[in-house]
Amino acid sequence: MASKEVLAAMTAINALGTLADLKVVNATLKERWNAIQRQSAAVVAVTIGTGARVKFVGRGRMVFGTVEKFGAKNAKVLADDGMRWTVAAHLLMLLTVEEERKVKSDTVSRALRIVEQESNALGVVSR
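Those letters in the sequence shown? Residues 3 to 129, per the numbering used here, in order.
It is possible that part of the hints are untrue.
Unchecked claim - Calculated cross-link-like contacts (lysine to any residue; reagent style SDA-like; alpha-carbon spacing at most 20 Å):
(1) Lys78 <-> Met64
(2) Lys104 <-> Phe58
(3) Lys106 <-> Val65
(4) Lys25 <-> Asn36
(5) Lys78 <-> Arg63
(6) Lys106 <-> His92
(7) Lys75 <-> Lys106
(8) Lys25 <-> Met12
(9) Lys75 <-> Arg40
(10) Lys71 <-> Arg55
(11) Lys104 <-> Leu80
(12) Lys32 <-> Ala44
(13) Lys75 <-> Phe58
(14) Lys25 <-> Thr13
(15) Lys71 <-> Gly84
(16) Lys78 <-> Thr52
(17) Lys106 <-> Asp83
(18) Lys75 <-> Lys104
(19) Lys75 <-> Leu93
(20) Lys75 <-> Gly60
(21) Lys25 <-> Ala11
(22) Lys71 <-> Gly53
(23) Lys71 <-> Gly60
Note that these hints are calculated values from the structure, not bench results.
Using the sequences plus the hints, can you model the full thing?
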């Protein structure tokens with residue numbers, strides 16, 4: 003259910019009679035929206051910080067990486083696979099110690115599999 007303030011604002015907007023008035027309201031809403039996004043990103047930047055290990059969902063999968071820098075609303079993240087991502091700050095989550103251990107373990111396992119596959123392809127005999 004909407005608050006009294008929201009209902010009052012909706013009533014006032016519905017009472018507007020010209021496109022010019024609606025454009026002014028729209029511009030004001032955009033400014034307020036952007037200000038709140040910047041405030042939220044600033045809180046995340048202070049809470050998480052540059053260099054922090056984070057995770058986020060990107061293109062339907064969980065991505066793990068390190069924050070390189072924060073902008074007004076977004077963060078630049080270097081993913082463990084080498085890709086650089088621009089991510090809305092509010093989508094970032096800090097990695098727990100346990101998650102970090104698992105990510106490192108998975109990375110080492112993946113690297114060992116690649117070395118083994120390349121060795122097999124080259125005909126190198128492992129000891």
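Structure-based check of each hint:
1. Lys78 <-> Met64: Satisfied, since the Cα-Cα distance of roughly 16 Å is no more than 20 Å.
2. Lys104 <-> Phe58: Satisfied, since the Cα-Cα distance of roughly 16 Å is no more than 20 Å.
3. Lys106 <-> Val65: holds (13 Å)
4. Lys25 <-> Asn36: The given pair, whose Cα atoms are some 16 Å apart, holds under the 20 Å limit.
5. Lys78 <-> Arg63: Within the cut-off at roughly 18 Å; holds.
6. Lys106 <-> His92: violated (25 Å)
7. Lys75 <-> Lys106: The given pair, whose Cα atoms are some 29 Å apart, is violated under the 20 Å limit.
8. Lys25 <-> Met12: Given that 20 Å is the threshold and the Cα spacing comes to 15 Å, the pair holds.
9. Lys75 <-> Arg40: holds (5 Å)
10. Lys71 <-> Arg55: At roughly 12 Å apart (the allowed maximum being 20 Å), Arg55 and Lys71 satisfy the hint.
11. Lys104 <-> Leu80: holds (18 Å)
12. Lys32 <-> Ala44: Distance ~18 Å between Lys32 and Ala44 Cα, so the pair holds.
13. Lys75 <-> Phe58: holds (15 Å)
14. Lys25 <-> Thr13: holds (16 Å)
15. Lys71 <-> Gly84: Roughly 16 Å between the alpha carbons, so the hint for Lys71 and Gly84 holds.
16. Lys78 <-> Thr52: Judged against 20 Å, a Cα distance of about 9 Å means the pair holds.
17. Lys106 <-> Asp83: holds (12 Å)
18. Lys75 <-> Lys104: violated (29 Å)
19. Lys75 <-> Leu93: holds (11 Å)
20. Lys75 <-> Gly60: Since the Cα atoms of Lys75 and Gly60 sit roughly 17 Å apart, the hinted pair holds (cutoff 20 Å).
21. Lys25 <-> Ala11: holds (15 Å)
22. Lys71 <-> Gly53: Status holds; Cα separation ~8 Å.
23. Lys71 <-> Gly60: holds (18 Å)
Checked against the numbered hints above, the structure breaks hints 6, 7, 18 and satisfies the rest.
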